Amino acid sequence: MSVRTEEWREAAGPAPSGALPRNEGTELILDWVQAARVNRSAVERRAATLTTRRSVKKQWQAAWLLKAITLIDLTTLAGDDTPGRVRRLCAKALNPVREDLLEALGVADLGITVGAVCVYHEMVPVAVQALRGSGVPVAAVSTGFPAGLSPFPTRVEEIVRSVSAGAAEIDVVISRRLALTHDWQGLYEELRSFREACGEAHMKVILATGELGTLRNVYRASLVAMMAGADFIKTSTGKESVNATLPVSLTMVRAIREYHERTGQAVGFKPAGGLRTAKDAMAWMILMREELGRRWLEPDLLRFGASSLLADIERQLEHHVTGRYSAFHRHPLG
Amino acid sequence: MTVREIFETLDYGPAPEAADVAEAWLERHGRRFGHFVGGRFTEARDTFPTHHPGDGSELAQVSQGSDADVDAAVQAARAALPRWQALGGHGRARHLYALARHVQKHARLLAVLESLDNGKPIRETRDLDVPLVARHFYHHAGWAQLLEKEFPGYEAVGVCGQVIPWNFPLLMLAWKVAPALAAGNTVVLKPAEFTPLTALAFAELAQEVGLPEGVLNVVTGDGRTGAALVAHEGLDKVAFTGSTEVGRVIRRETAGRELKLSLELGGKSPFIVFEDADLDSAVEGVVDAIWFNQGQVCCAGSRLLVQESVAARMEAKLRERMENLREGPSLDKSIDIGAIIAPVQLEKITRLVEEGKASGATCFQPSWAAPKEGWYFPPTLFTNVSPAATIAQEEIFGPVVVSLTFRTPAEAVELANDTRYGLAASVWTENVNLALDVAPQLKAGVVWVNSTNLFDAAAGFGGYRESGFGREGGREGMYEYLRPAYERKLPYYDEAELAAPAAAAALGAGEAPRGDDPPLNRTAKVYLAGTQRRPDADYSYPVLSPSGERVGEAPLSNRKDVRDAVEAALKSDRWARMTAHARAQVVYYVAENLSLRAPEFEERIRRMTGVSRRQAAREVRTSVERLFTYAAYADKYDGQVHPTPFRNVTLAMNEPYDVLGVVCPDEAPLLAFVSLTFPALAMGTRVVAVPSSRWPLAATDLYQVLDTSDLPAGALSILPGVRDELAQVLARHDGVEALWYFGSAEGSAMVERESAGNLKATWVNHGRKRDWYDPEQGEGREFLRRAVRVKNIWVPYGE
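If you're matching them up, the sequences are chains A and B in order.
Quick note on the working numbering: the first sequence kicks off at 1 and runs consecutively.
Quick note on the working numbering: the second sequence kicks off at 1 and runs consecutively.
Hints are computed from structural coordinates only; laboratory data are not their basis.
Bear in mind the structure is a predicted one, so any value in this text is a computation, not a measurement.
Just so it is clear, CB atoms sit at the ideal spot from N, CA and C, and this is done for glycine as well.
Please note that the accuracy of each hint is not assured.
To be verified - Covered stretches of chain A, as calculated for chain B (at least 3 residues, CB under 8 Å):
{"hint": "1", "region": "35–45"}
{"hint": "2", "region": "49–57"}
{"hint": "3", "region": "76–84"}
{"hint": "4", "region": "232–241"}
What the hints assert, rightly or not - So these bits of chain A aren't anywhere near chain B, every CB distance computed over 10 Å:
{"hint": "5", "residue": "D31"}
{"hint": "6", "residue": "W32"}
{"hint": "7", "residue": "P146"}
{"hint": "8", "residue": "T154"}
{"hint": "9", "residue": "A168"}
{"hint": "10", "residue": "L215"}
{"hint": "11", "residue": "R254"}
{"hint": "12", "residue": "R257"}
{"hint": "13", "residue": "M285"}
{"hint": "14", "residue": "R289"}
{"hint": "15", "residue": "E290"}
{"hint": "16", "residue": "P299"}
{"hint": "17", "residue": "D300"}
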């Protein structure tokens, strides 16, 4: 059951390669869930100093920001989404950075794209069409996103339909009431059904942490989601009043670490909502590198759910290349 | 490295903080510094180098302060005192405020300079040291402003000599200088030999904001300069932070000089992890406890005590965390651990770690290698450590933590307290019942619940036991730089008043009691463990009236009686565990019973001391009144909740000493005895008292009063005998935590000197006589404050 993580934690060395096996989950281990302890004040202190303990500058910063782009789930989840809007977003996903900047950075041939494009079910076919052959997956939010309160069969059906429409990743929302009432069995079963419906598609489980009340609940819900076979656990829908924060993320990441330590299975993490600046991206990457190691800085284990983040990263990259502060209008819209 | 390469490795890369401004500052001074005396920098003379521990390079030459330099500085401080005090609270507040502001304006320069001189990470100087320095001056600007209102009846001590260590050079300066100046004192500061630069930079800031000349003086140099400062006759106060060893020397050196002393010394602080703790957070706690400032922290959590059920997991997590620590150049913004201050410390750490390995403990160090250039030592964890091992007992003052296990909360407390030190402790549990049960049981001046190494100007910091006495920060810290205004005006006893009682063998001394109808022969004994018993040596001595009449005999207690009394006190903590209300009831009861027998006591006092009937009646009446005072205070002299600047409650609790020795003066034999023993008893402190040597019978008559008043056994022992003999035994007893002495100047000096052994907190009168009838001199909060020590318990909250 236990797998050492040291080999993934080397300070330097080549990027880890090789696909990891999917998390198949475990049975529901209630003792483990109930033993969870999270001290909010201590977690907040650690979160507050994480980014003051590490600083990434110059070409290191440029490289980290390029990597950050590959981790973005470029997202549009608005009621006024149209095929045109989604096609434009997909174009940006495939060419996230101006060619001249990539050349100046010496990475033009790396084929840098974002990690995925994330849309509502109705927009999946458009996105699949726009991204065909690029290797950039389409992710669909699902299961009655964002509240998750539509009928259970409908929610499962929604997954099935998105998958058959070509979505390779499904972002499901949990029934918050199950976590809030500590019905871990119920939550486990719900997510097991979702996972089954996903089939080959990867399941990202949105905990909506802003609605779970306490960090301890966040930790427990994280464990249950992983036991139920989540490929990723994700903080928020972006629609709650509180979205991804560092303390919440630290809590989830520690749960991922413990799950990995005890089961040997690696689960990804997706902070979403509120990540808008290059600085935010760096903060979360530092969090991942410190708490989980280098391996968790790859798109199969880390995604940023964001819409405006990319624009800020582009500006920072231009600043790195030219030494001048850039402006948004110098970079093509997504 | 190219962007492309880094894209693969995602290394942090170097992130150096620019040192150009600090270097320019050093250059501007020609990298040579004199002292700062009387508002001016002196010519550099007799210089020695100060180094950057990160690579051993020389930063500057600073001057070795001579006796003459120290003398000039003390004189400048003395000369500045009247004007500084005449400025008043508000005037001084403006200066302290300006210092706070100026520290903030030059925050980065100070942070970089500190990091260069000390070798600690720039993150720490930037985010912790310097902001705390500014905060300390702001906070104490406030105390200056409020001084007259908040400390009525107190005055500044005078000229303060302050000797500070190299681990937090500027922060320790702030802890010393801010309260001293706020209270209206002037200062001569001796920074550590290894880290003089920020003190000199601070002196320049003080010059710039127009701090009056001589109010702050800085004399640099090594231990010899410190010794010269401490030995200077012109000081009214010495404050020292550093090793217990040097603290002891200073205690002896300053004994009898009628100066105030505060010592903040070493530690071997426990870091207790219960099985229900958030282990991941506790691991980060350990990082902050022992790898903060390379472990060169007096309150470093260097003894990890983990509940056996989670020890393996905790240690595994810790080892994994250690792999992620980064050690390197102090100005790199991505490092956790910098260099050790000097080769001598590095050697000491290395030696102790080798000893640890040889003792059979398991030593773990991360797989990465510490930098070879400079004075680096890798983070180190010892497991399988026995409590008796040197590494578990001795302060290593480096990045080395030893891990032990315990089974129950009681065992955790026992192990935690199994040390000569008592500076700080950290308790990790999600159970508030457990945390608040354990915290008061720990013998430490600071307890952090689910946190560690938190500091703030509003909360007192300081130790129990051999970690020293006195507090820095908060209201409790201000008292270290103040004294009751009447104190200096008290007259000295004259020779005759201090005459020792007749020797033990003085059989037949004095005249036999007159009168045809002889009173029934009474035998006064020692009062110990709630019973009366004959003194160990079975000697008595005569108690004579001023006219030479033998009014009775008193038992002559000796060292074994002291030993037994301390033993009895330690054995029963019933008194300390009683509620304040219950203690008040007992003290009221004592007053009631004494009042009932007033005529008898009046007669005793009159015959023994030769005072008038009226005066004797007054003494008994005042004694009853005083008992009422302390019964009243028992549940009213309460602690505080300090408003430290984040989400927590910082509880400043007044904790009783386990055992306080009280040595009473001769005069007012009942009133002085009551005045000195009952404030301590009211606070729950157990007392071993030596009553008036000359006229002990008023105290021995109290036995029956005490017996009928429900005072639990062991709360108060009474040992008649020769004052200075017994005082010496008490001073040399390591189980006695504090000692009050009211007798001669020589006796006071002896008590202070002999108390250096276990660094007990002392309160002596230096041969001055107070008026026990005067409510200002004879009772009140000053007595209560001396009867307890403040423990700050930090309890962060939030679910």
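Outcome of the hint check:
Three residues within the 8 Å Cβ limit are the bar, and the region 35–45 of chain A against chain B gives 9, so the coverage statement holds. Interface restraint, the region 49–57 of chain A with chain B: holds (7 residues with C-beta to C-beta distance below 8 Å; minimum three). Counting residues of the region 76–84 of chain A whose beta carbon lies closer than 8 Å to any beta carbon of chain B gives 0, which falls below the threshold of three, so the coverage claim is violated. With 0 residues having a Cβ less than 8 Å from any Cβ of chain B, the region 232–241 of chain A misses the three-residue criterion, and the hint is violated.
Residue-level check passed: D31 (chain A) sits 14 Å from the nearest beta carbon of chain B, beyond 10 Å. The Cβ of W32 (chain A) lies farther than 10 Å from every Cβ of chain B, with a closest approach of about 13 Å, so its non-interface assignment holds. Taking the minimum C-beta to C-beta distance to chain B, about 25 Å, the non-interface status of P146 (chain A) holds against the 10 Å cut. A cut-off of 10 Å between C-beta atoms confirms that T154 (chain A) is not in contact with chain B; the least separation is 35 Å.
Distance to chain B confirms A168 (chain A) as a non-interface residue, since its nearest Cβ pair spans about 24 Å, more than 10 Å. Its beta-carbon lying about 8 Å from the closest one in chain B, L215 (chain A) breaks the requirement of being farther than 10 Å from that chain. A beta-carbon of chain B is positioned within 10 Å of the beta-carbon of R254 (chain A); the least distance is around 5 Å. At the 10 Å boundary, the C-beta of R257 (chain A) falls inside the reach of chain B, the nearest C-beta of that chain being 8 Å off.
For M285 (chain A), the requirement that its beta carbon stay farther than 10 Å from each beta carbon of chain B is not met, with the minimum near 8 Å. Chain B draws R289 (chain A) into its interface by the beta-carbon criterion, the shortest separation being 7 Å against a cut-off of 10 Å. Some Cβ of chain B comes within 10 Å of the Cβ of E290 (chain A); the nearest lies about 6 Å off, and the non-interface call is violated. For P299 (chain A), the requirement that its beta carbon stay farther than 10 Å from each beta carbon of chain B is met, with the minimum near 13 Å.
At the 10 Å boundary, the C-beta of D300 (chain A) stays outside the reach of chain B, the nearest C-beta of that chain being 15 Å off.
The earlier numbered hints that this structure contradicts are 3, 4, 10, 11, 12, 13, 14 and 15.
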